[in-house]
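> Between the sequences and the hints, there should be enough to build the whole structure, so can you do that?
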Amino acid sequence: MLVDDTFNHKIYSELSVVSEKITRTIFYKGMDVDLAQFMLERSIQMLPEGHQFTYDKRLRYPALIRMTKDVLFPLINSWQTPILYIIATDGFKQFHHPSYEEGIDYLNKHSSVVQLELAGPHHIHMTNTDEVSAAVIDFLGLDQDVQDSQKTDPPPPTFEFKGL
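To convert, note that position 89 of the sequence shown is 121 in our numbering; the numbers rise steadily by one, no gaps.
Watch out, some of these pointers could steer you wrong.
[What the hints assert, rightly or not] Label-pair ranges, simulated between beta-carbon atoms: (1) 109 to 41: 50 to 60 Å; (2) 146 to 78: 35 to 45 Å; (3) 146 to 84: 35 to 45 Å.
Hints are computed from structural coordinates only; laboratory data are not their basis.
Yeah, the Cβ is synthetic: ideal placement off N, Cα and C, and Gly gets one too.
Below you can see the structure in the form of structure tokens.
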């Protein structure tokens with residue numbers, strides 16, 4: 033009998049060891065170990081034997097590769113709003129997958145999507161927050177100095193994930 037292992041993942045005894053280990057992988061390169069552990073904590077379950085991931089393994093593929101041209105290209109053509117697409121130099125781009133490349137070529141030819149490449153890993157929005165937020169503020173046409181001067185409320189308390 034074929035066993036569906038869509039959600040069956042390896043069990044890890046030490047989450048801190050996994051956090052440190054993944055910061056050396058290609059998509060988490062440059063990420064702080066504590067941030068990696070926070071990301072892990074939101075996608076694991078505790079078992080008597082240890083920690084196990086809970087995500088659907090089928091979701092571990094780049095979006096442009098999952099979508100066929102018949103789905104992706106009409107979707108791109110339907111976009112009516114300005115879109116900023118931030119590409120990390122060390123993200124999916126580096127794999128040069130034919131479907132990804134074809135999707136990017138189509139974006140360049142058939143949309144007004146603004147593409148911006150920033151140096152960093154796949155999770156650049158978490159590791160290079162200053163650069164990403166500056167790019168978004170610039171894209172939206174906001175004045176960073178005005179935004180900073182209008183801040184009067186204290187920052188929200190630090191979020192601490194306590195598990196499920």
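> Does each hint hold? Answer for all of them.
Here is what the structure says about each hint:
1. 109 to 41: 50 to 60 Å: 38 Å, violated
2. 146 to 78: 35 to 45 Å: For residue 146 and residue 78 the Cβ distance comes to about 42 Å; the hint holds.
3. 146 to 84: 35 to 45 Å: 40 Å, holds
Consistency with the previously given hints fails for number 1 only.
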